[in-house]
Each structure stands twice: as C-alpha cells, then as structure tokens.
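Take the given structure of chain E and dock chain Y to it, following the hints.
2 protein chains.
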Amino acid sequence: MGTFKLLATDGSARAGELHTAHGTLLTPAFMPVGTQATVKSLVWDDVKAMGYDLVLCNNYHLYLNPGCEYIAQMGGLHKFMNWDGMILTDSGGFQVFSMATLAKIKDEGVHFRSHIDGSKHFFTPEIATRAQELLGSDIAMVLDQPVAPGATYQQTKEAMDRTHRWAERCKACHTREDQQLFAIVQGGFEPELRRISAETLAEMDFPGYAIGGLSVGEGKALTWSNLEACIKYMPEDKARYMMGVGSPEDLFEAIDRGVDMMDCVLATRIARNATLWTSYGRINIDRPIYKGKDEPIEEGCDCYTCRTFSKAYVNHLFRNKELTAYRLASIHNLRFLKRIVIGARQAIFDGRYSEYKKAFLDNYQVVNEKVRLDQKQRYLDRKAKEQA
Amino acid sequence: MGTFKLLATDGSARAGELHTAHGTLLTPAFMPVGTQATVKSLVWDDVKAMGYDLVLCNNYHLYLNPGCEYIAQMGGLHKFMNWDGMILTDSGGFQVFSMATLAKIKDEGVHFRSHIDGSKHFFTPEIATRAQELLGSDIAMVLDQPVAPGATYQQTKEAMDRTHRWAERCKACHTREDQQLFAIVQGGFEPELRRISAETLAEMDFPGYAIGGLSVGEGKALTWSNLEACIKYMPEDKARYMMGVGSPEDLFEAIDRGVDMMDCVLATRIARNATLWTSYGRINIDRPIYKGKDEPIEEGCDCYTCRTFSKAYVNHLFRNKELTAYRLASIHNLRFLKRIVIGARQAIFDGRYSEYKKAFLDNYQVVNEKVRLDQKQRYLDRKAKEQA
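If you're matching them up, the sequences are chains E and Y in order.
The number in the working numbering is simply the position in the first sequence, starting from 1, with 34 added.
The number in the working numbering is simply the position in the second sequence, starting from 1, with 34 added.
Here chain E stands alone, though its shape is the one from the complex (with noise of 0.2 Å):
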C-alpha cells in the first residue's frame, strides 16, 4: 500500500512518515490516548499545542457507548469530536478481554458483557471491523486475541491461531479505502511463536502492523525479548506499533528496537495521580516537599503547564483536588513523552540514537519494577473498588 515511508535508520531505530487520510504522522511517533473520544482533562487545542496530530480512540467502549452507528450518523468520529487530526482505533481486542466480563472465546467470535452495565454483546472480526469503519478513523485494528502472562504455551498458540484467523477475516471484509487497517502480531511470551506470528501476518500484506499483547503487567525482560522476537520478521517497509507503552524509558527502549509508533494511558493516568515526568525521573507533585517550591516543575520544559506555574501551585491545586490540576499534569506528561519521540527522531536522522538514548538514560531514574508493580496493583485494586 505503501502508506508509510521509512527515511533513515539509526542501528535499528527508524524514521519514517506514515501518511494517512487526515495527515501525515512523523515517526517515532507517541499516540495520546482518547479513549471516550477525549484525551482526559484536555481539548484538542491542548493535544495540538503539544504537538501531537494522531490519537488513539478505542472501538470498544465507543461501540458500547455511545455506539458507533450512532458516531456515523454524526457524520463519523472526527466530526463528533470536532479533531481534524488524525485517529487510530483499537479494535476492542484487547479490552474485551483486560476489562469486559465473562468473555467467552469461540471462533467465530466473542461474547462478553459490559464492564459498565454488565449488557450482553458479541463481537466478530466483522462487527469490530465495520464498527471502525462506522467511526471512519484513518487507522483501523484487526480483532485480537491477546493472552495474560502466565498463558501456557497451548493456550498461546491457539489465541495466536485464532488472531492470524480473525485477521484475514478482518482484511476480507475491510472496505474502506481511506482507512488503514493494521494487524497485530501476538505469540505471548513465547518467542517462537512471536517469530510465527510475524511472519504469518507478514504474508498477509497489510498496510501496517501492530505488536500486542506485550507490556500488560510482565517484567521488562520478557517485554523485550518478545518484541525482539517478533520485530525481525515484520516487513522493513511497513510502520511497526507497539502497543501500550509507555513510560519514558520504554519510549527508548521500544525506538531502539525498531519500533515506529507507540501508545499508552500511563501519561494522563499517572497524571491524574500527581505523578509528573521530569528528565531526572518521576515526582509526585502533592508531596509536601514541593510546598514552597516557586519553580516550574522541570527547568526548561516547553509544556504551557511549566511555562505558566510553579510546583508550589500545582502542589495546592492537587492537594485540594482542584480539577485544573489534573489537565496542567497531563499537558505536562503528555509534552514531555512528545519531546523524547522528537528529540529520538533527530536523533535517528543524525546517526545519533545511542547517545540520545544513553544521555536520556543516564540522568532518569526508573522506577524499581517491584514498586511499579505494585503501584499497578494498588490503582487496579483502587479502579475495582470504585466500581464494585
């Protein structure tokens, strides 16, 4: 289709341009994520300042609500939202299986119910295919069958089998023309079977790929190596999206490896905790330290938050859960990931990756994965309360 154009390579880092129906997307590029239509906390006037033109929204929770045929008589998803940017639509894939309830699996599709009303619903290759080009997003997914960690490798392979199945089926009866539809390799944690997906997909000639199934709660090691895996077998011609990531430092790690695109909600989640980015790792701005602090939240950052107030204020705006708290925190984090994928894209050019890497490396400090870990636990903990 050659929708997308690889410009240079850095070892295995890749610049490109993927051109769609609404724009063309520079890349490394990371991809806001709008679930309802929204980027949380923000306009698209905030999404546009900080540089971004392509965001994510996700098919399943605008195919429960408020529906897609109902997005079409709207005159499609960018009309509803009034976002002439760019848009990229999961396919539900992931979420029917991480958040709707009792999904039961058959070949020719999924049952599940609402994680919000618990209503009954099935999903096919076909209703998940037709319901994105009802939303008439530029890029579309193919119907997924991801697995946990902890999947034996049967269990593996068969969602895999089945994935490769519902991607053909998802091709067969794509009919837009000014949408792209992307497929997904997946394989778990098994990189034999990383490899098989690749190349499987890989003949099927679509117009990009994703990797999914990675990045949902596994140790970085397995991230990975699972990436590595699969990503020598995907065409060197066609974009590369990983899914659901991430954090700064997996921002690097998943460019080094020749990825091209990349989404995820930790920017804005995180952010609606107090959780702030900075180049010398995260903060958590509600702390009492940051009481007194008449400074930007980090020297130098471009962000309109930074540019506008102090730690102190955003600190007395968290503390007292004002709601402009949560929209300065997310422009903050959301800027800061926009910057690394611009700054890695010259860098790729320049011949320059490693040392872009190694110098962004050297002054961060991770988050211990025990403690990120459990963090996740505690929000998914705090999430299911709230909604019991």
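If you're looking for bench data, these hints aren't it; they were derived computationally from the structure.
What you are looking at is a predicted structure, and each value in this text was computed from that prediction instead of being measured.
Possibly wrong hints are sitting among the right ones.
Claimed, not checked - Below, a list of computed lysine-lysine pairs in the BS3-like style, where the Cα atoms sit at most 30 Å apart:
no., chain 1, residue 1, chain 2, residue 2
1, E, Lys327, E, Lys138
2, Y, Lys74, Y, Lys254
3, E, Lys372, Y, Lys355
4, E, Lys82, E, Lys355
5, E, Lys417, Y, Lys325
6, E, Lys82, Y, Lys419
7, E, Lys419, Y, Lys419
8, Y, Lys372, E, Lys419
9, E, Lys355, Y, Lys372
Frame of chain E, contents of chain Y only:
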C-alpha cells in the same frame, strides 16, 4: 478615596469604573469565584478569554490551606496563582458561619473549626484583615456576621451591630495602600436594620460597600426588598457590591436596583452538574434528548465551547463523566454571564436598560423557586454525604 467613578445612570442602574492596583473594572461587573486560588476546572487564560479581569478568592479557604503567611512568602496571591488581573478577597465571615462548624462568636472574634479537618481557629477583624493584606488582594472585605433566614430581629440586630463594630476595627488596622477595604452592609431580612446598616457604614467612609447576607436561601421577594431597603442609603460615589448573586435573572434585578458588582459560584457549580444557561432558560445537557444534536449549546454563543463542540459531544462527555465536560460547561456559563453584564453596561449608557432587561426576561424561562430550592437542598445533602 475616589476609586470608583460613576459614569452613567439609567433609572437606578449604574455604569461606572473601579480603579484598583491591578487594573480598572468596568461596571456593572460579575466576578467569577476562584475559591481556592483557582476557578474550578479553568486556567487564567480561560478566564481572560471570557473577558474577565477580576476574580474573587476566599480568605477563609486560603487561610486554612495553604495559609496566608505562606502565600505572602510566595510573593502574594497574584504571583502564587499567576494571575495579573484584579483579585477581590472575601473576609471569610460568610464561610465561618456557613461552612465551618461550631462557630462560637464573641465580640472579640469568632472561634470555629475547619470544615476540612476540624482544627480550631480564631478569626478577629484584625486577623481577617491582616490575612487579606498578606494575600495582597486588590479589594479586601471586612469581617462581618451574616444571619441566616429565620433569625429573630434581636439576633439580626446584634449581628449587625457587631458587623459595624468589626468594620471599624478592620478599617483601623488596615494599612495596605494598594488594597481597598470594602465594608459589608448587614441587617438580615429586616428592612429597617438594612437602612441603619447602610447609613452607619456610609458614615465610616469606606472606599466601597458590599451588601451581604442576602441571596442565602431566602425567597427572591425578600432578597430584592431588603436590597432596596439599604441600597438607596449607600453612597452614590462608591462601588456597590452585592455578594452571592447569581443567576442570569438575578443579575438583571440587581443591576436594575443599582448594584455595580456581583459574584457567585452558581455559574460554575451548576455547570459541573451539567446545567447550562441559554437565552431561553436552563438546560441539562446530560439529558438523553441532547444525544444526536449537532448544534452548539446556544446558537450564536461566542464562548469557546459553543464555537468548538456540539451539544451531542458535550452530552457524551457528561454522560461518561469525562473531566473535560466540567471545563467546557464552566466556560459556557461564565461567558453567558459576562455577555449579560457587557450588554447591561452598554444599555445603561444608551438609556435603554429597562428594554434590555425586558427583552432578556421575556425570553428566559426562570426556574421555579421551589424547584430551585429543592435542587439546592439536594446539592447540599450530597455534599454533606460526601464529607461525612
């Protein structure tokens, strides 16, 4: 002091300007409320874009958290919150008697417990004045003692007399030359006391005067009769600020009776509950009937929200409890009030204020008083439950 300049009258309605250390306020004016040094859900660029140049902050809240001494150390309230417009601070009198618990009043001052953590505090006229000097607001208010609807004549008179004694003490200890101290007329719902309060305070020669203790839950007839009972005895050459007003229809009534300045949380509070003002009345944008409506909240409205998003989209955001909804709704309602006062000022200059008011009210469906008070009670009940 000559800070207020009356420029035109039309019947009792007045157009003027109030000069302060951080700019000139064109009156009649409405002031958005930024209780905790932020207008809930907004940033100052939003506030400015709506045309506002004066916001109200609450000494009571800032005194408790993060503290007025602290804000002074941070360079004052303007610098702390990075707002270069005008600030009016309420003294905390109203909050001590309405929000704090176990308020115990003596002539020296009032003992109370924080609504946040139950900690003990003591406000005197001197302390409240000093706190506002530390904040460095452009306009400070005297510490007053309002009474609730239902207070006896004797209770009302005692509170009024104390308010007068406290006003004198505030004036005596006030030193900041870049800050104007306004007195507050009290007298509850006793027209005779209202007159006495206005006359007594007028003799003390404050640079501006507020009308306090009205619009606190009484019926509208009582509000306006008690306003009328005092406003005619207030100095013509000083600004007249009616506290806690309000709704679109109340702005018209207050201006009609000679009020120059008003403030209220109503615009932003109901916005966060999905209630929006239009020229034909209130709408609840989260109602199902707004699904599918591809039109602005109000045709012709020049607010950011109406220029950018449809009813259908704002409906979607509210139904999904998306944070962005609160900001978009707050912007719409605050801009709605701003347009009313801009129009009122022009109408007064043109000598057609009555027609302007009539044209608006003929079109605008006022909320039934019982419905309104029921809604308010539900809000208070919900809030009490949240805090319990």
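Handout entry: 30 Å Cα cutoff - pair Lys82 (chain E), Lys355 (chain E)
Key = Holds - the C-alpha atoms of Lys355 (chain E) and Lys82 (chain E) are around 26 Å apart, at most 30 Å.
Handout entry: Agreement of Lys372 (chain Y) and Lys419 (chain E) with the hint, judged by alpha carbon distance not exceeding 30 Å
Key = 42 Å, violated
Handout entry: Distance restraint between Lys327 (chain E) and Lys138 (chain E), which requires alpha-carbon spacing of 30 Å or less
Key = The hint is violated at about 53 Å.
Practice task
Below or equal to 30 Å on CA atoms is what counts here, so check Lys372 (chain E) against Lys355 (chain Y).
Solution key: 27 Å, holds
Problem - Hint consistency between Lys417 (chain E) and Lys325 (chain Y) [alpha-carbon to alpha-carbon, up to 30 Å] - result: 28 Å, holds
Problem - Agreement of Lys82 (chain E) and Lys419 (chain Y) with the hint, judged by alpha carbon distance not exceeding 30 Å - result: Given pair Lys82 (chain E), Lys419 (chain Y) is violated - Cα atoms ~40 Å apart, limit 30 Å.
Exercise for the section: Quickly compare the C-alpha distance for Lys74 (chain Y) and Lys254 (chain Y) to 30 Å and report which way the hint goes. Expected result: Satisfied, since the Cα-Cα distance of roughly 27 Å is no more than 30 Å.
Problem - Pair hint Lys355 (chain E) and Lys372 (chain Y), alpha-carbon separation not exceeding 30 Å - result: OK: Lys355 (chain E) and Lys372 (chain Y) at ~27 Å, within 30 Å.
Practice task
Sort out whether Lys419 (chain Y) lies within 30 Å of Lys419 (chain E), counting only the CA atoms.
Solution key: It holds: about 19 Å lies between the C-alpha atoms, which stays within 30 Å.
The structure fails to meet hints 1, 6 and 8 from the earlier list, while all remaining hints are met.
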